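*Asks:* Chain by chain, the residues:
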Amino acid sequence: MPETLLEVNHLKKYFPITKGLLNRTVGQVKAVDDISIRLQPGETFGLVGESGSGKSTVGRTILRLTEKTAGEVKFKGVDIHTLPPEELRGLRPKMQLIFQDPYSSLNPRVRVGDAIGEALLDHGLCSRSDVRDLVLETLESCGLSSYHIDRFPHEFSGGQRQRIGIARALILNPELIIADEPVSALDVSIQAQIINLFSKLQQSRGLTYLFISHDLSVVEHLCTTIGVMYLGSMVETASRDELFRHPLHPYTKALLSAVPIPIPKLKRERIVLKGDIPSPANPPSGCKFHTRCPFAEEVCRSQVPVFRDAGGGHFVACHLV
Amino acid sequence: MAVNSSLAPVRRAGAASGRSSLFRQSVRRLLHNKLAMSGFVVVLFMFALCFVGPLFSPYTDNKINMAMMNKAPGLKHWLGTDALGRDILTRVMQAGRISLTVGLASMVLSVFIGALLGAVAGYYRGVADQIIMRVADLLLTIPGLPLLFIFGALLSEWKIPTDYRMYIVMLMLSIVNWPGMARMVRGQMLSLREREFMQAAVVLGLRDRRKLFNHLLPNIIPLLIVMATLNIGGAILSESVLSFFGLGVMPPTPTWGNMIDAANNMIDFQQRPWLWIPPGLSIFATVIAINIFGDGLRDVLDPKQKR
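Just so you know, the protein sequences line up as chains L and U, in that order.
First residue of the first sequence? That's 1 in the UniProt record's numbering, and the numbers climb one at a time after it.
First residue of the second sequence? That's 1 in the UniProt record's numbering, and the numbers climb one at a time after it.
I should point out that these hints are in silico values taken from the structure, not numbers from a laboratory.
Since this is a predicted model, take the numbers as computed values, not measurements.
Be aware that one or more of the hints could be misleading.
[To be verified] Label pairs and their calculated CB-CB ranges:
#1 Y124/U - D133/L: 54 to 64 Å
#2 A281/L - V241/U: 31 to 41 Å
#3 G124/L - Y124/U: 50 to 60 Å
#4 A70/L - V27/U: 28 to 38 Å
#5 V78/L - D208/U: 39 to 49 Å
#6 E140/L - F284/U: 58 to 68 Å
#7 V27/U - E140/L: 46 to 56 Å
#8 F284/U - S189/L: 27 to 37 Å
#9 S204/L - G126/U: 38 to 48 Å
#10 G124/L - F56/U: 58 to 68 Å
Ideal Cβ placement from N, Cα and C applies to all residues, glycine included.
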């Protein structure tokens, strides 16, 4: 077993709800509520869930873009959230984030070449004279052309901008890449290109991904392990094949039954969830899913289910399994 | 101009291939804006008139000639003379020097103070933000003109030598004008630091210096240029108002404001329009031209600010 690259233990992120002139805290939005993730090198972990389930906050809190409320995040055994700022800065190149929106994640007034190369210079990873060559090399490995280097972001399409964002992360030679819905802002045809780029880069560089998405077909294509989130908590984690073949949690079943399949005549059982995701400021008691679960029983309303191993590394949090 | 030359080789090679920078694109768009360019031409004309014009005048601004009192415009004195026989055209040009200098200098000062304090408040937030913005709010709650009047009255009370008053007027105008600047810059900073590319800068582990100079500043400069331009017009106007009320720059130093003030009686007003029309028109033309040019600049540099 190789060394664990990323270890997230019982991570919690609560956002306070403040009110009035004195900013009294009147409540908390439990965006991330006790999440644990382990990532081995070379693995791709897919984090799925509907909007508002807290997937992006997990990614951002791991990278300390927001401060955690509780728990710990260890990158190669180092707790990121207790590092002093200067040491954290030194560690930054090893873990990179790819943003959802390729339009706002690039500074409109910085040339593509500068945007990609500047972090190298700031970390002293490369001499001033070599930057251009390295940037060109990275541009090409991300499917862009060398003449793009002196252009501004507004001269590119969405897919090209996402490639620039990937190049910007990649040039630092990271070990972990957290991709926060990297394809959901793109056209389907472009999505395929970017996803193929992700798997090509993983093969050539041995990258580890934490891939955040709400699109199960994307996750199925790319990920080795999948975690399903609901309202800030993990409800099910399993290897890809296991999860797609034998989903245990009713929420996972409902999600899987909603994935479109390219066989029009096939009739299958759809589990349609009623209502919306409840407010994370006031989550339901017991199992958070009981308000929408078609199989909910009395025990679901009163007791919080334990996240336990249902056999062979297939973890699930449900009373009925 | 878009970024510091962090990647010098990149820059040079690019320039050779003739790509267009954001700056050059903006200039090109500005040149196509006829209204803005006509404003710019008028401003240039006023500057040339005031700073070069007096060199060609046979008169000096304070040369008193009792034989030529209150003469109407004619061949000898193109715009006539005032109650002391001084040439109005020469005085208008000399006054323009003072007015434009005061406008420019107070703009530079208030942009400098406002941008610096606003940037600090917006970037660091917390205590610094609270202190700076409460002071700014305090200044903003007092109406500008009465505040200037009080300052001006104090200056007269303390018998400040008239030579220095010009500089103190610049300072006064900046004190009144910087809070507006600071608020704009702070607001811009606050919105910029929440943008995703600034979060990307955090994840990339960029140094604060690079975040500030390569990412934040280039996004604020267009706003600064526009605000600075519009600010000159306002400063010239305020200076004229102050001088008109005898609280700004004092005679015998001419400014457009105190020249109009000199014609401040019914006889002069009705029968000697050459005393007040030239300085009045100068103020009008300069301020309008600067505002038109500033609006054009805004359209080119800062499209989101359009009203």
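*Asks:* Confirm or reject each hint.
*Replies:* The hints, checked one at a time:
1. Y124/U - D133/L: 54 to 64 Å: For Y124/U and D133/L the Cβ distance comes to about 37 Å; the hint is violated.
2. A281/L - V241/U: 31 to 41 Å: 54 Å, violated
3. G124/L - Y124/U: 50 to 60 Å: 26 Å, violated
4. A70/L - V27/U: 28 to 38 Å: For V27/U against A70/L, whose Cβ atoms are near 54 Å apart, the range 28 to 38 Å is violated.
5. V78/L - D208/U: 39 to 49 Å: Taking Cβ atoms as reference, V78/L and D208/U lie about 23 Å apart, which means the hint is violated.
6. E140/L - F284/U: 58 to 68 Å: Since E140/L and F284/U have Cβ atoms about 60 Å apart, the given range 58 to 68 Å holds.
7. V27/U - E140/L: 46 to 56 Å: Taking Cβ atoms as reference, V27/U and E140/L lie about 33 Å apart, which means the hint is violated.
8. F284/U - S189/L: 27 to 37 Å: Violated: the Cβ-Cβ distance is about 59 Å, outside 27 to 37 Å.
9. S204/L - G126/U: 38 to 48 Å: 45 Å, holds
10. G124/L - F56/U: 58 to 68 Å: Between G124/L and F56/U, where Cβ atoms are some 60 Å apart, the hint holds.
Consistency with the previously given hints fails for numbers 1, 2, 3, 4, 5, 7 and 8, ordered from lowest to highest.
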